[in-house]
Amino acid sequence: MCNHGTLVVTPANPPNLADLPRGYELPAARFRLSADDVRRYLEAVEDCSDAYGPGPEGPAWVPPLAMAALALRAILEQVELPAGALHAGQEVEFRHPVPVGASLHARARVAQRSEMRGAVVSVMEFEVDEEGSSGPAVVGRATVIASRGEAPS
Amino acid sequence: MSVECVPEVPPLSRQVTQEGIRRYAEASGDYNPIHIDEEYARTTPFGGTIAHGMLVLAYLSEMMAAAFGLDWLAGGRLKVRFRAPARPGDTLTARAEPRRARQRDGQARQVNGERVFEYGIECSNQRGEALISGTAEVVVGRLR
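Chain order of the listed sequences is A and B.
Residue 671 is where the first sequence ends in this note's numbering, and the numbering goes up by one at each step.
Residue 381 is where the second sequence ends in this note's numbering, and the numbering goes up by one at each step.
Just to be clear, a hint being listed does not mean it is correct.
Partial selection, computed: residues in chain A whose CB lies under 10 Å from chain B [what the hints assert, rightly or not]: (1) 572; (2) 575; (3) 587.
Here are the simulated DMTMM-like pairs of lysine to aspartate or glutamate, each with C-alpha atoms no more than 25 Å apart in a straight line [to be verified]: (4) B:316 <-> B:351; (5) B:316 <-> A:633; (6) B:316 <-> B:327; (7) B:316 <-> A:645; (8) B:316 <-> A:611; (9) B:316 <-> A:543; (10) B:316 <-> A:554; (11) B:316 <-> A:568; (12) B:316 <-> A:595; (13) B:316 <-> B:359; (14) B:316 <-> A:575; (15) B:316 <-> B:374; (16) B:316 <-> B:366; (17) B:316 <-> A:609; (18) B:316 <-> B:334; (19) B:316 <-> B:245.
Pair by pair, the computed Cβ-Cβ distance ranges are [said to hold, decoys possible]: (20) A:532 <-> B:281: 31 to 41 Å; (21) A:543 <-> B:357: 14 to 24 Å; (22) A:578 <-> B:270: 31 to 41 Å.
It should be emphasised that the hints constitute simulated quantities derived from the structure, not laboratory data.
Built from N, CA and C at the ideal position, the CB exists for glycine as well.
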């Protein structure tokens with residue numbers, strides 16, 4: 519259980535993204551992208567470039583945006599997204615290539631929160647580290663706009 | 238000092254289909270009904286399903302990865318706004334234009350001793366509407 523100020527988070531009680539205060543740190547998430555995961559991702563986005571190199575079981579490197587997308591997903595699974603929440607903006611920086619199958623660790627916090635005409639604008643800062651590596655492989659910021667008070671989808 | 242011109246990046250086109258959106262939902266784990274539940278999506282202000290923003294952004298990242306290979310994986314940056322949704326049936330075109338105003342004579346900028354190419358990027362639909370716009374940068378030579 520994570521106790522953050524007055525917000526008590528348990529697995530059965532995920533907080534609503536719109537309620538998270540600035541500075542709130544979401545529980546870290548661990549994930550791994552296998553050769554099959556990467557192949558499935560590349561098929562889904564129809565990416566047939568050879569930028570990810572040949573590896574023994576397919577691509578050698580993880581497509582960096584796949585890491586960002588999967589990290590955001592792993593992080594946002596820990597909160598309730600209000601119905602109609604919109605992904606309004608994205609910044610992402612790729613710092614070093616990550617081999618397929620590497621163990622990854624995603625962390626995120628609410629960097630900014632504001633309210634505007636009944637909507638909550640949350641900016642989530644996140645980073646993805648490869649286990650055993652000295653610095654993050656991917657860092658980014660996602661801007662999500664959510665209406666206040668709507669039931670989650 | 239050596240001079241390196243900012244290269245052109247070939248555009249890329251993709252067709253958005255509901256099947257493709259479903260495949261992306263499975264690959265990314267993002268099953269938000271606005272993307273995959275047509276009945277639900279009809280009740281929303283969008284009036285129908287829309288593609289994941291990160292799926293459309295993937296087209297821009299692929300375009301840059303195809304042009305720069307490992308340099309993109311080791312030093313790529315994207316900063317975008319999602320302006321309008323992509324819908325099944327749309328034909329999208331991703332483009333990158335060198336940012337001439339920031340790169341004198343079309344040459345790479347030097348930042349902390351690294352060469353940086355800068356582009357304005359956009360992904361638009363068949364009507365020319367910009368769905369995503371922003372900037373891309375790539376630091377070249379970091380892995381050499």
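Verification of the hints:
Nearest Cβ of chain B to the Cβ of residue 572 of chain A: about 13 Å, over the 10 Å cut. The hint is violated. For residue 575 of chain A, the interface hint is violated, since its Cβ never comes within 10 Å of a Cβ in chain B; the closest pair sits about 17 Å apart. Of the supplied interface hints, the one on residue 587 of chain A holds, with its beta-carbon coming within about 4 Å of a beta-carbon of chain B, less than 10 Å. For the hint linking residue 316 of chain B to residue 351 of chain B, the alpha-carbon distance of about 19 Å falls within 25 Å, and the restraint holds.
Of the pairs offered as hints, the one joining residue 316 of chain B and residue 633 of chain A holds, with about 22 Å between alpha carbons and a cut-off of 25 Å not exceeded. For the suggested pair residue 316 of chain B and residue 327 of chain B, the alpha carbons sit about 23 Å apart, so the restraint of at most 25 Å is met. Pair hint residue 316 of chain B plus residue 645 of chain A holds up; C-alpha atoms about 15 Å apart against a cutoff of 25 Å. Between the alpha carbons of residue 316 of chain B and residue 611 of chain A the distance comes to roughly 9 Å, so the proposed pair stays at or under 25 Å and holds.
Taken as a hint, the residue 316 of chain B and residue 543 of chain A pair is honoured in the structure, with Cα atoms around 23 Å apart against an allowance of 25 Å. Annotation: proposed proximity of residue 316 of chain B to residue 554 of chain A is violated, straight-line Cα distance about 29 Å (limit 25 Å). Between residue 316 of chain B and residue 568 of chain A, the direct Cα distance comes to roughly 24 Å. Compliance with the 25 Å bound is thereby established for this hinted pair. Proximity of residue 316 of chain B to residue 595 of chain A is assessed by CA-CA distance (about 24 Å); at most 25 Å being required, the pair is judged to hold.
For the hint linking residue 316 of chain B to residue 359 of chain B, the alpha-carbon distance of about 11 Å falls within 25 Å, and the restraint holds. Of the pairs offered as hints, the one joining residue 316 of chain B and residue 575 of chain A is violated, with about 32 Å between alpha carbons and a cut-off of 25 Å exceeded. Proposed proximity of residue 316 of chain B and residue 374 of chain B is supported: the alpha carbons are some 9 Å apart, at most 25 Å. Our distance criterion of 25 Å between C-alpha atoms is met by residue 316 of chain B and residue 366 of chain B, whose separation comes to about 19 Å.
Between the alpha carbons of residue 316 of chain B and residue 609 of chain A the distance comes to roughly 4 Å, so the proposed pair stays at or under 25 Å and holds. Taking the CA atoms of residue 316 of chain B and residue 334 of chain B, the gap is about 14 Å. The hint holds against a cut of 25 Å. Proposed proximity of residue 316 of chain B and residue 245 of chain B is supported: the alpha carbons are some 19 Å apart, at most 25 Å. Distance hint check for residue 532 of chain A and residue 281 of chain B: the Cβ-Cβ separation is about 22 Å, which falls outside the suggested range of 31 to 41 Å.
Between residue 543 of chain A and residue 357 of chain B the Cβ separation comes to about 34 Å, which falls outside the hinted range of 14 to 24 Å. In this structure the supplied range 31 to 41 Å holds for residue 578 of chain A paired with residue 270 of chain B, their Cβ-Cβ distance being about 35 Å.
The structure does not agree with the numbered hints 1, 2, 10, 14, 20, 21 stated previously, though it agrees with the rest.
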